[in-house]
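Q: For the protein sequence lines, the chains are Z and G, in the order given.
Here my numbering is used: the first residue of the first sequence is 1, the next is one more, and so on.
Here my numbering is used: the first residue of the second sequence is 1, the next is one more, and so on.
Note that these hints are calculated values from the structure, not bench results.
Remember, predicted model here, so these are calculated numbers, not experimental data.
Watch out, some of these pointers could steer you wrong.
Said to hold, decoys possible - Cut-off 27 Å, straight-line C-alpha distance, at most; resulting in silico cross-link-like pairs (DSSO-like, lysine-lysine): (1) Z:Lys-353 / Z:Lys-265; (2) Z:Lys-265 / Z:Lys-210; (3) Z:Lys-380 / G:Lys-202; (4) Z:Lys-419 / Z:Lys-210; (5) Z:Lys-285 / Z:Lys-315; (6) G:Lys-202 / Z:Lys-98; (7) Z:Lys-315 / Z:Lys-419; (8) Z:Lys-395 / Z:Lys-210; (9) Z:Lys-380 / G:Lys-65; (10) G:Lys-202 / Z:Lys-353; (11) Z:Lys-285 / G:Lys-226; (12) Z:Lys-386 / G:Lys-202; (13) G:Lys-65 / Z:Lys-386; (14) Z:Lys-98 / G:Lys-65; (15) G:Lys-226 / G:Lys-65.
What follows is the residue order along each chain.
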Amino acid sequence: MSASDVATPVFGAQGGQSDEARVEMAMRSFVSEFGVTTALHMESCVRCGLCAEACHFYVTTGDAKYTPIYKLELLRRAYCREASPFAPLVRALGLVRKPSIVDLRQWEELLYDSCTMCGRCTLICPMGIDIAELVKEARHGMFKAGLVPERLALMDRTARQWGSTATPGEDLPDILAEAARAHGVEIPCDLGTADILVTAAAAELGEYTKALADMAKILNRIGAKWTMHQGGFDASNVGFNNGDMELQERLTRALVDTAVKIGAKTLLLPECGHAYGAARWEAAKWYGQALPVRIIHVTEFLDELIATNRICVRKIGETATFHDPCQMVRRGGLEAAARRVLAALGLELIELKDHGVTGYCCGGGGGVVSNQRATPLRYKVFEMKKQQVEMTGAKHLVTSCGQCRITLEMGAKHAHWDKTVESLLGLVADNLAV
Amino acid sequence: MDLLSFARGPALTFALVVFAVGTLWRLVGVLLRPRLPDLSPARERAPSNLVGALRAVVNGMWPRKEFVAAALVTTINGYVFHIGIALVFLGYAPHIAFIRRLTGFSWRALPDVVIYLAAAATIIALLVALGSRLTDPVLRKISNAGDLFTWTITFLPLITGMAVVFEPSSAVLERNNVIYPAPLAVHLLTLELLLMWFPFGKLMHAVFFAFSRGATGMRFSHRGVKV
């Protein structure tokens with residue numbers, strides 16, 4: 001496969017607005033993003049190209065169009081023309097071309113198919129430009145323009161209707177009851193009061209209900225007063241990935257408001273990286289004040305339970321390697337927590353060649369896993385990941401993000417690779433000691 | 001008014017005004033953009049914003065060990081021409097005399113041989129940078145006219161400066177008259193061109209880099225990530 005045909009150029013477009021209206025909506029959104037940090041990052045690029053060396057899509061294809069800063073070209077143009085201190089001069093002299101509908105359609109692939117917002121490029125940039133954050137802001141404009149890959153747009157519409165991409169809230173009790181029956185655990189739903197509101201990733205409400213049971217097993221073991229709730233249950237915020245800020249806010253508010261309503265002090269997030277990014281670091285901005293609940297990822301929760309001896313785990317005593325989910329580790333700061341849990345499980349950790357904050361993305365973050373158009377590109381990234389895993393010779397491949405796990409499983413299936421991708425939560429739940 | 005008088009007089013004044021006002025305008029224009037405070041609770045034991053920012057500014061001086069192999073050539077080449085330009089501009093005796101006439105400040109000059117070596121290294125490094133920009137597929141993809149213009153504007157004072165070096169700097173300073181007025185005027189005018197372009201192009205990274213790294217440092221250290 002040649003480098004340039006890794007993604008099929010079939011572009012999504014939503015709504016019936018004219019091309020001019022799409023461009024205007026995108027530009028207006030881009031301009032609204034230019035706060036001081038974004039402006040500083042727009043101004044600082046020296047176009048050294050080092051960001052390409054950090055990007056899994058460039059590294060695995062060698063195609064220069066995947067250079068991270070190039071993905072922001074339209075945002076840069078919008079900044080120069082509309083928001084930079086010399087914008088009137090730039091416009092008057094026609095120094096920078098306004099993005100056209102053709103440009104926007106072309107960049108849809110670069111912003112959605114070939115960027116997982118993993119932020120590895122941020123760490124190599126000598127100017128410290130947070131390119132991943134800028135891509136997220138560019139996606140806001142693309143969403144406003146109705147230029148989102150159709151698969152992601154479909155998920156968006158579903159989440160707007162159901163509050164989840166997996167299921168409407170009214171089906172939650174049945175799903176939990178079935179999961180409870182299948183796995184032999186009690187999963188409380190819709191309790192009027194609880195200390196912990198537990199949330200799920202979309203996939204856990206369908207194919208991966210064992211994750212719900214694993215969470216329940218641990219919470220029941222410590223005697224927590226907890227519940228899941230129809231009011232807010234799916235934490236994998238598709239609005240965060242798609243650039244739909246209105247949806248992101250609605251989904252976030254549903255979780256926090258439900259927690260407040262039932263008196264929960266803790267909002268427990270599932271093994272989902274983007275849930276962590278959307279809720280832990282961005283929820284407060286919708287409220288304009290510090291949140292009334294503590295938002296915590298299940299990995300740090302497990303880490304705390306083990307550290308305080310509230311749960312004990314059996315030592316597995318084998319070798320393992322760990323795939324670091326980007327939003328949890330590089331952009332979330334949970335590198336050490338996951339490793340402490342692995343150590344408690346008695347797993348001898350053999351690190352991937354690239355691990356921790358500089359570990360490579362699974363290739364499916366930022367909605368790329370759901371974007372079937374990006375599948376060939378994802379498989380290229382998977383090959384690199386597979387090689388790194390094989391180099392460790394570790395018996396277990398563990399991660400703590402369901403999206404990463406699904407991406408890696410899809411890659412493994414395609415490559416006929418018989419490695420199982422294990423959940424950190426699952427390992428803890430399966431090895432709870434009395 | 002001859003060309004040298006023009007270059008030393010009104011042209012220099014104009015260039016300095018454009019440099020100062022333009023730089024201030026662009027910096028203030030960016031720093032006055034709206035701010036959205038991060039209201040999320042910081043990671044336990046996260047350093048203060050200031051410490052996080054300063055760490056990022058300092059750590060950004062060299063690539064993380066994981067990226068050294070990929071970034072080594074670009075980084076070293078960059079250091080060569082940045083340090084080279086600084087040595088030539090601030091260490092050459094006639095430049096120091098020029099600055100003393102303008103500001104009253106002066107300091108000890110570096111030996112001529114150091115300046116010649118620095119200038120040679122800088123020119124080579126800038127040519128390497130240009131070669132990469134013109135041939136490397138990634139750099140070709142992301143480059144624009146401003147990059148080439150900035151490169152030219154940076155290169156010209158070096159070349160025109162080399163063109164007026166015919167004798168040791170001590171001999172230049174001992175003499176009261178200029179024996180090559182036209183080449184010197186051209187050299188000064190190229191410097192003035194650089195000063196006037198500074199606020200408009202990517203040379204402003206010399207000011208912005210600390211703010212840019214610092215902003216990311218604050219964001220990441222708040223989350224408990226070391227950058």
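Q: Find the hints from earlier in the document that the structure breaks and name them by number, from lowest to highest.
A: 1, 3, 5, 10, 12, 14
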